[in-house]
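J.: Chains as they are written, first to last, in the working numbering: chain U, 1 to 118; chain Y, 1 to 118.
Calculated from the structure, these hints are not laboratory results.
Identical copies look the same in the list; a pair holds intra-copy or inter-copy alike.
Quick list of in silico lysine-lysine cross-link-like pairs, DSS-like style, CA-CA up to 25 Å:
id, residue 1, residue 2
1, K118, K103
2, K43, K118
3, K41, K90
4, K118, K83
5, K114, K103
6, K43, K59
7, K78, K41
8, K78, K118
9, K118, K85
10, K83, K43
11, K118, K59
12, K114, K41
13, K103, K43
14, K85, K43
15, K103, K41
Computed from a predicted model, the values in this text were never measured in an experiment.
Number of protein chains: 2
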Amino acid sequence: MKDVLDHIKKTIGLEEEDEVKEEQDTIIVPEHSFYEIIMMKAKNLDDFDYALNQIIEEKTPIIMDMGYLERDSPEDFKLAGEKLKAFRTKTGGEAILLCKNGKNTIIITPPEIKLIRK
Amino acid sequence: MKDVLDHIKKTIGLEEEDEVKEEQDTIIVPEHSFYEIIMMKAKNLDDFDYALNQIIEEKTPIIMDMGYLERDSPEDFKLAGEKLKAFRTKTGGEAILLCKNGKNTIIITPPEIKLIRK
Numbered sequence: 001m002k003d004v005l006d007h008i009k010k011t012i013g014l015e016e017e018d019e020v021k022e023e024q025d026t027i028i029v030p031e032h033s034f035y036e037i038i039m040m041k042a043k044n045l046d047d048f049d050y051a052l053n054q055i056i057e058e059k060t061p062i063i064m065d066m067g068y069l070e071r072d073s074p075e076d077f078k079l080a081g082e083k084l085k086a087f088r089t090k091t092g093g094e095a096i097l098l099c100k101n102g103k104n105t106i107i108i109t110p111p112e113i114k115l116i117r118k
Numbered sequence: 001m002k003d004v005l006d007h008i009k010k011t012i013g014l015e016e017e018d019e020v021k022e023e024q025d026t027i028i029v030p031e032h033s034f035y036e037i038i039m040m041k042a043k044n045l046d047d048f049d050y051a052l053n054q055i056i057e058e059k060t061p062i063i064m065d066m067g068y069l070e071r072d073s074p075e076d077f078k079l080a081g082e083k084l085k086a087f088r089t090k091t092g093g094e095a096i097l098l099c100k101n102g103k104n105t106i107i108i109t110p111p112e113i114k115l116i117r118k
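The shape of chain U in the complex, shown without the other chains (with noise of 0.2 Å):
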């Protein structure tokens, strides 16, 4: 009976499950990874916005000189301040400040990625 069964089996066709079983194999990507931290920075107002769009747009993590802006156009740092306060309501992401003694460096997350308090 079983030679019957193994030789109907072939009829029908087993290699469809076969080609199943390879698509099994194969390794699904997933849809955004987080392999980069990006490190600048901000020499004007564009470079912030460019940077924080690039944190929304492709969910990378920002860590950003604010120095310079600091001390050349305290006016675009303030709105800088403001526009880093909207992303975090609006979006849940963070911004903490790293190193203030003239650097001012902060890290910008995207809210896929925690920032964790050890």
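Given the coordinates of chain U, assemble chain Y onto it according to the supplied hints.
T.: For chain Y alone, kept in the frame of chain U given last:
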């Protein structure tokens, strides 16, 4: 003839194939997901060793304030620096100073997460 094939398919159990289909529908989660960046203060060498281990084992980037270690135990601070150098050469990970001026904050990333300077 088709009816016969259908009957044969039933008798040898097409259910198998259905099960395989279901398996295909399951979502495959990537081995590592990079949804966290840890922020911590290294108050002693144990803190530092724990952090370095987290980076290697869990692939989690860590932003670490080394200021305490530098002030309170310069010897351990020096030792930590050597361990960082070894970590970079051995794993290909990165360690970059974000700010000096007393705070001495660094970011350390596993080789899987690239720090991009812009």
